[in-house]
Amino acid sequence: MKLEHKVELIIGLAFLVAGIFLNQSAAVGLGIAATLSGIYRYIKYTDLPEHDERTKKLSGVAFGYTLLIVLFSVIILMLIDKFKILDLTVPLVLSIMGAAVLAIPFVLLQYFERKGDAE
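In numbering that gives the first Met the number 0, the protein residues as written are 0 to 118.
Be aware that a few hints might be false.
The list that follows gives simulated cross-link-like pairs (lysine-lysine, DSSO-like), each with its CA atoms no further than 30 Å apart [claimed, not checked]:
hint	residue 1	residue 2
1	K56	K43
2	K55	K1
3	K55	K83
4	K114	K56
5	K55	K114
6	K43	K55
7	K1	K43
Restraint-style ranges between C-beta atoms, simulated for each label pair [claimed, not checked]:
hint	residue 1	residue 2	range
8	V106	M77	22 to 28 Å
9	L66	L2	36 to 42 Å
10	I68	F20	37 to 43 Å
11	A32	V92	28 to 34 Å
12	G28	K114	41 to 47 Å
Just so you know, these hints were derived from the structure itself, not from any lab. Glycine included, every Cβ here is placed at the ideal spot set by N, Cα and C.
Build the full structure now, drawing on both the sequences and the hints.
This is the structure:
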């Protein structure tokens, strides 16, 4: 990572943290804007590895299966709530769904890469 990208990210994060602790919405906004700008410039102007067709195909299949698994998870959570099997709160459901959405694509992508191909 180039020094200018690092500096922009550090300044953005510093404004963000200072704005949060000092309760200043302008500093928070400036921090978010600077951080996102630094991330955008890092992605646009750095040489990232090229994706081949196989990687794109495996990623698409993994994210497609993730969508199905998340939808079935929502249905299961709705049935658990309807039949009062567990006492589900909003933070609990959001944490379950957030963990599922973040973890499942990476697990499936690793599985498909080891398998070799996705049908």
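These are the hints, each one checked on the structure:
1. K56 with K43: holds (23 Å)
2. K55 with K1: holds (28 Å)
3. K55 with K83: violated (41 Å)
4. K114 with K56: With Cα atoms ~13 Å apart, K114 and K56 stay inside 30 Å; holds.
5. K55 with K114: holds (15 Å)
6. K43 with K55: With a Cα-Cα distance of about 19 Å, the restraint between K43 and K55 holds, given a limit of 30 Å.
7. K1 with K43: holds (12 Å)
8. V106 with M77: 22 to 28 Å: Roughly 23 Å apart at Cβ, these two residues keep to the hinted range, so it holds.
9. L66 with L2: 36 to 42 Å: Since L66 and L2 have Cβ atoms about 40 Å apart, the given range 36 to 42 Å holds.
10. I68 with F20: 37 to 43 Å: For F20 against I68, whose Cβ atoms are near 38 Å apart, the range 37 to 43 Å holds.
11. A32 with V92: 28 to 34 Å: The hinted range 28 to 34 Å holds for A32 and V92, with Cβ atoms some 32 Å apart.
12. G28 with K114: 41 to 47 Å: holds (45 Å)
Consistency note: the structure conflicts with earlier hint 3 alone.
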